[in-house]
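So the chains spell out like this:
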Amino acid sequence: MSEATLERGMNAFREQMNAPVASFFSSCVNCGMCAEACLFYTETDDPKYTPIHKLEPLRRVWEQEYTLWGRLKSMLGLSKPVTNELLEEWETLIYDGCTLCGRCSMVCPVGNDISYMIRRAREGFVAAGYAPEGIKGASRRAVTIGSPMGVKFPALAAQIKHVEADSGLTIPVDVEGADYMALLSSMEIMNFPEYLEALARIFKQAGVTWTISSEAFEATNSGIQIGSSDIARELVNRVVVAAEKLKVKYVISPECGHAYTAIRWEGPNLIGRPYDFKVVHILELLDELRSTGRLKTEGTEDDRLTFHDPCQIVRKGGVLEPPRNLLKLVATNFVDMNDSREMNWCCGGGGGVSANERAEELRIKAFKRKKTQLDELNVETLVTACANCRLIIEEGLEEYRMEMPVVGLTEMIAEHLVEDEK
Amino acid sequence: MSTSIDFLLWVRGPGFDIALFIFVVGVLIRLLEVLILGRKADYSEPRGAELGAGLLTLVTRTAPEGGSFKRSPFTVVGGYIWHIGFLISLFLFVPHIELIDSVLGIRWPGIASNLVDAIAAVTIVTLVAMLFSRLTHPVKRFLSGPEDYLTWVVTFLPMLTGYLAYHRMIDPYPLVLGLHILSVELLMVLFPFTKLMHAFTFIIARWYNGAMAGRRGVQS
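Line by line, the protein sequences are chains A and B. The first sequence lines up with residues 1 to 422 when you count with my numbering. The second sequence lines up with residues 1 to 220 when you count with my numbering.
Among the clues, some could well be false.
[Unchecked claim] Taking lysine-lysine pairs in the DSSO-like style, the calculated list, with each CA pair at most 30 Å apart, reads: (1) B:Lys195 <-> A:Lys278; (2) B:Lys70 <-> A:Lys249; (3) A:Lys371 <-> A:Lys328; (4) A:Lys136 <-> A:Lys249; (5) B:Lys40 <-> A:Lys136; (6) B:Lys70 <-> A:Lys365; (7) B:Lys40 <-> A:Lys245; (8) B:Lys70 <-> A:Lys80; (9) B:Lys195 <-> A:Lys80; (10) A:Lys48 <-> A:Lys152; (11) A:Lys48 <-> B:Lys70; (12) A:Lys368 <-> B:Lys40; (13) A:Lys247 <-> B:Lys40.
[Stated by the list, open to error] The calculated label-pair distances, taken between Cβ atoms and stated as ranges, are: (14) A:Asp46 <-> B:Leu115: 40 to 46 Å; (15) B:Pro73 <-> A:Asp375: 30 to 36 Å; (16) B:Leu87 <-> A:Asp375: 41 to 47 Å; (17) B:Arg141 <-> A:Lys80: 18 to 24 Å; (18) B:Phe132 <-> A:Lys371: 33 to 39 Å; (19) A:Asp46 <-> B:Asp171: 47 to 53 Å; (20) A:Gly77 <-> B:Phe132: 17 to 23 Å.
[What the hints assert, rightly or not] Beyond 10 Å from chain A on every Cβ pair, some chain B residues (computed): (21) Leu35; (22) Ser72; (23) Val103; (24) Ile119; (25) Val125; (26) Ala165.
Rather than coming from a laboratory, the hints here were simulated on the basis of the structure. No experiment lies behind these values; they were computed from the predicted model shown. Ideal placement from N, C-alpha and C gives every residue a C-beta, glycine not left out.
The task is simple: from the sequences and hints, build the whole structure.
This is the structure in structure tokens:
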């Protein structure tokens, strides 16, 4: 990263200006309804967490440089400029008090996609040097080591060995011409290796040819979270190069929310071209295997359980039905939360918040929203499909002394596989 | 009396022309400023089509999402009442239709004047309540600056003066009618420079919102 300055930040803000952003700022009437859609406002009652307010620096750039009236006001000295002090003050609002969950974008009466603008505003903040140390560190490790948690391939190779020894299955690595290349998140490698075993078992049963690349196995993308297209591009490019080298037809995005946003939606735009392969989320693939009869399960979970929709996979990813189709396969007592699917509430740790130590107290407060949702349902088990949500929810439940297992959906499916050893 | 007639003649003549010019040119410039920025091509493989989803959101966003309605019932209901009341008073009051016909040469049927009168009264009361809400609701109060109050004033004045003129509550009549027209001109002049622009740009905003979500397979 070159040296961060206010000037670079301003240039980054300008690069983010487009017709959607201008139409959104032109349309806001300060009705305040986005506040009620944001867990950082509902759980703190502090109006500074009103989503549209978090965009004041970007709004000033728009008004002062992209409207005739604003330019006139600036010339007459009637506008408040964007300064280092302003960005410093807003840094906590835009990084600690927003998970890019996009719920506000679903309720704005004039149609403003506020989280779309927050993602873009972060480009200016990071270029000007105002980003939390935690996410900066994660981004640095991602670029230099290859993973935000500092996980190198030998660590994954060790986990692969463990899984192979435990399950007697083979985990293919660097197999050219496989149909699918699976990505993992560091969180899964270190905290939830069950995911890897689940993949191996399901793919063996379904006859899916797959591989992991030793050069690009990390799915997470800190560049997306911190808001640096340069970093995000570098990380996406590693996956693209590896996938095209191994000549796979598909890349599988793991149970990680923002990884999906990064590789599925932002990736092609970051590298400036469509991919030679398709990207599927693991739940989409499992649902396809289910509908084509290649995924055979037996037995059921009879606990009263619910599903936490990861924002980036569901609301911002469009994977709405697959998790429910898969749950119906193995769960007899599944109930949806009161606000679910594209209106679900965030766990509080998305968009880089979980990597930002400074935000922990606020995040725990914001988790009360999820707690309330769970209290309303009286469920015994929570299923989700994002390693980050899972960890954040486990922490939240512990903080509020709620006893409830949090299970990854892929693993749950794997546990019910019909083992037809031939 | 003659001065009030002179005043009325000015606001109906040169005053109106000036206001109309600023309004039309201003709105066009503002819309151009938005659209000219465009957006980059999206290389990601779409899950759904943009056009239909964008148009659908343009319509569906008119109704509040259920949870939001429960959390902001006053803003939603009050917003509906005064917007609809304002539009009825503006477009379905027969003398207004006559005026539009004389400028643009198009007309449509109006509704009974006493009905417009009642709707206008409700709209005025609702607007006062909305102002009260803006001054007291923690979020709205926090977000509000001079522009929010200025736009309230210039929206409220045409309603108030229209009501006073209709009931001839100020003498002489040409004066109150002139004040009413002047207040509308004030609204027209400030329109392109303030958040009042949302009356046009919400169409673009909702479309982009719906289109970008629709591309990912979500109806926003």
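Hints and how they fare:
Between the alpha carbons of Lys195 (chain B) and Lys278 (chain A) the distance comes to roughly 42 Å, so the proposed pair goes past 30 Å and is violated. Between Lys70 (chain B) and Lys249 (chain A) the alpha-carbon distance is near 47 Å, which puts this suggested pair outside the 30 Å criterion. At roughly 24 Å between alpha-carbon atoms, Lys371 (chain A) and Lys328 (chain A) fall within 30 Å of each other, so this suggested pair holds. Taking the CA atoms of Lys136 (chain A) and Lys249 (chain A), the gap is about 33 Å. The hint is violated against a cut of 30 Å.
Between Lys40 (chain B) and Lys136 (chain A), the direct Cα distance comes to roughly 28 Å. Compliance with the 30 Å bound is thereby established for this hinted pair. Annotation: proposed proximity of Lys70 (chain B) to Lys365 (chain A) holds, straight-line Cα distance about 22 Å (limit 30 Å). Distance restraint check for Lys40 (chain B) and Lys245 (chain A): the Cα-Cα separation of roughly 28 Å lies within the 30 Å cut-off, and the hinted pair is therefore satisfied. For the suggested pair Lys70 (chain B) and Lys80 (chain A), the alpha carbons sit about 36 Å apart, so the restraint of at most 30 Å is broken.
Under the criterion of a C-alpha separation no larger than 30 Å, the hint pairing Lys195 (chain B) with Lys80 (chain A) is consistent with the structure, at around 18 Å. Simply put, Lys48 (chain A) and Lys152 (chain A) have alpha-carbon atoms about 40 Å apart, too far for the 30 Å limit, and the pair is violated. For the hint pairing Lys48 (chain A) with Lys70 (chain B), the CA-to-CA distance comes to about 21 Å; that is within 30 Å, so the pair holds. The suggested pairing of Lys368 (chain A) with Lys40 (chain B) is violated, with an alpha-carbon distance near 39 Å, which exceeds 30 Å.
Taken as a hint, the Lys247 (chain A) and Lys40 (chain B) pair is honoured in the structure, with Cα atoms around 29 Å apart against an allowance of 30 Å. Checked against the hint of 40 to 46 Å, the C-beta distance between Asp46 (chain A) and Leu115 (chain B) comes to roughly 45 Å, which is consistent with it. Between Pro73 (chain B) and Asp375 (chain A) the beta carbon distance is about 23 Å. The supplied range of 30 to 36 Å is therefore violated. For the pair Leu87 (chain B) and Asp375 (chain A), the supplied restraint of 41 to 47 Å holds, since their beta-carbon distance comes to about 43 Å.
A beta carbon spacing of about 19 Å between Arg141 (chain B) and Lys80 (chain A) agrees with the range 18 to 24 Å that was offered as a hint. Against the hinted window of 33 to 39 Å, the Cβ-Cβ separation of Phe132 (chain B) and Lys371 (chain A) comes to about 34 Å, which satisfies the hint. Separation of Asp46 (chain A) from Asp171 (chain B) is about 51 Å and conforms to the stated range, judged on CB atoms against 47 to 53 Å. For Gly77 (chain A) and Phe132 (chain B), the hinted distance range of 17 to 23 Å is not satisfied, since their beta carbons lie about 34 Å from each other.
Its beta-carbon lying about 6 Å from the closest one in chain A, Leu35 (chain B) breaks the requirement of being farther than 10 Å from that chain. Look at Ser72 (chain B): its CB is around 5 Å from the nearest CB on chain A, not clear of 10 Å, so calling it non-interface is violated. For Val103 (chain B), the requirement that its beta carbon stay farther than 10 Å from each beta carbon of chain A is met, with the minimum near 26 Å. Every C-beta of chain A lies more than 10 Å from that of Ile119 (chain B), the closest at about 22 Å, which supports listing it as non-interface.
For Val125 (chain B), the requirement that its beta carbon stay farther than 10 Å from each beta carbon of chain A is met, with the minimum near 19 Å. No Cβ of chain A approaches the Cβ of Ala165 (chain B) within 10 Å, the least distance being about 27 Å, so the stated non-interface status holds.
Of the hints listed earlier, those the structure fails to meet are numbers 1, 2, 4, 8, 10, 12, 15, 20, 21, 22, in rising order.
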